[in-house]
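Peer 1: Using the sequences and the hints given, assemble the complete structure.
Number of protein chains: 2
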Amino acid sequence: MPTYELFYWPSIQGRGELVRLALEEAGAHYVDVARTRRGMAAMMKHLGGAARSLTPFAPPFLKSGSLVIAQTANILMYLGERHGLAPKSDAGRFGANQLGVTVADFYAEVHDTHHPVASHLYYEDQKAEAKRRAAAFIAQRMPKFLGYFEGVLGKNGGRFMIGSRLSYVDLSMFQILAGLDYAFPRAMKRVGNRYKGLRVLHDRVADRPRIAAYVASARRVPFNEDGVFRHYPELDRPR
Amino acid sequence: MPTYELFYWPSIQGRGELVRLALEEAGAHYVDVARTRRGMAAMMKHLGGAARSLTPFAPPFLKSGSLVIAQTANILMYLGERHGLAPKSDAGRFGANQLGVTVADFYAEVHDTHHPVASHLYYEDQKAEAKRRAAAFIAQRMPKFLGYFEGVLGKNGGRFMIGSRLSYVDLSMFQILAGLDYAFPRAMKRVGNRYKGLRVLHDRVADRPRIAAYVASARRVPFNEDGVFRHYPELDRPR
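Heads up: the protein sequence lines correspond to chains F and G, in order. For the first sequence, the numbering used here gives the first residue as 1052, with consecutive numbering after it. For the second sequence, the numbering used here gives the first residue as 1052, with consecutive numbering after it.
Since the hints were derived computationally from the structure, they do not count as laboratory data. This one's a predicted model, so the numbers in the text were calculated from it and none came from an experiment. Since no wrong hints were added, every one of them can be taken at face value.
No copy is singled out in the list; a pair is fine if it fits within one copy or between any two copies.
Below, computed lysine-lysine pairings styled on PhoX-like, alpha-carbon distance capped at 20 Å:
1) Lys1206 to Lys1247
2) Lys1206 to Lys1195
3) Lys1206 to Lys1096
4) Lys1195 to Lys1096
5) Lys1195 to Lys1247
Peer 2: Here you go:
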């Protein structure tokens, strides 16, 4: 029996990737259920409310014994407590969760650059709106979030986002920079050295043995145009 | 000295209202700082990162002794632990937070019905996009969220969203229904009796002595067109 069962869409990184990174860094024994035979059916059953536990609103969710926990920031808080991936003090755990929820908010804004009208409509049916929203994202929201995270990192001494050792928030920063590099390469190139602390943190996380092994493995789904971070050149900064 | 200082925009309910409701139901001693003399300056100083504690990304945030906690769902979890407004078991506290984060996600979607392109632009400059997004919200997202919350409530026995006594999640359900009634009266009238459990819960929360006293007081900012729930008739269901 694995320690955990992770339920998430099998063909994208999406929000589930933040959980996968935490599980990998923890060296936890987990199964990525929807990527196994009949795993999708098991996931849909949970989402339909078949289990006795609290029904998830959406993937990702994590099964740990009889517990089923949903919402990315919430799952990360749970794993952080159990695997030493978050500080233990009140200031530390509520601080880490504050940043975890802020990361989730940022993900929603990245998602809405390509789906500003509705998730259930095709990108092609909201391209005009997406162009406006993506331009505002690159001009206003991306700098606001990255500047905020850079400031938090600097204020904490520059090595970790919170506390005095690696936490799930640092892993999420790695993923945010990787995702933005993929989705908005021109905008990120233009940013240059402005978020140097985050870039150094990204590189340090990438070099951690378990993360490096994971990223090089088939367990890491490549970025693609079905996930949260999508590379649509027309939404990137104009040349 | 009050037990808590709440920092939030003084002229709207917004996300801060979910915190105000929890503080009021707890009978906590708090100051709504930005509504006091020089309170706005104090709030902006915090947001600028002047304090030693972790900087908030945005209001609301709560000062409790030397702790400064931001992000609505995170603040509610903190207050829930301290005031018996959340279950204590792992299933209960992570379950409550799962629902708290889902409420925060719903708030972001309600906000984006009137600001689908960018928060920093006027509504008037994104009215066309708002009409499309609001229509999709009323047709797809509102029923998805309300149906989910109704299902969670029913599965838990119908009296409380989680656990066996009132939690901050129940208070948030009260606020969501009140907000939707204000913003989308035609759509909510059309919904009729479909979310009966939530309606009964809303009414029961409204009747609680501390909530009833609060809602009748000057401490409750009225709904208005600067908050998250805005009544723009052109975004409501067509007649």
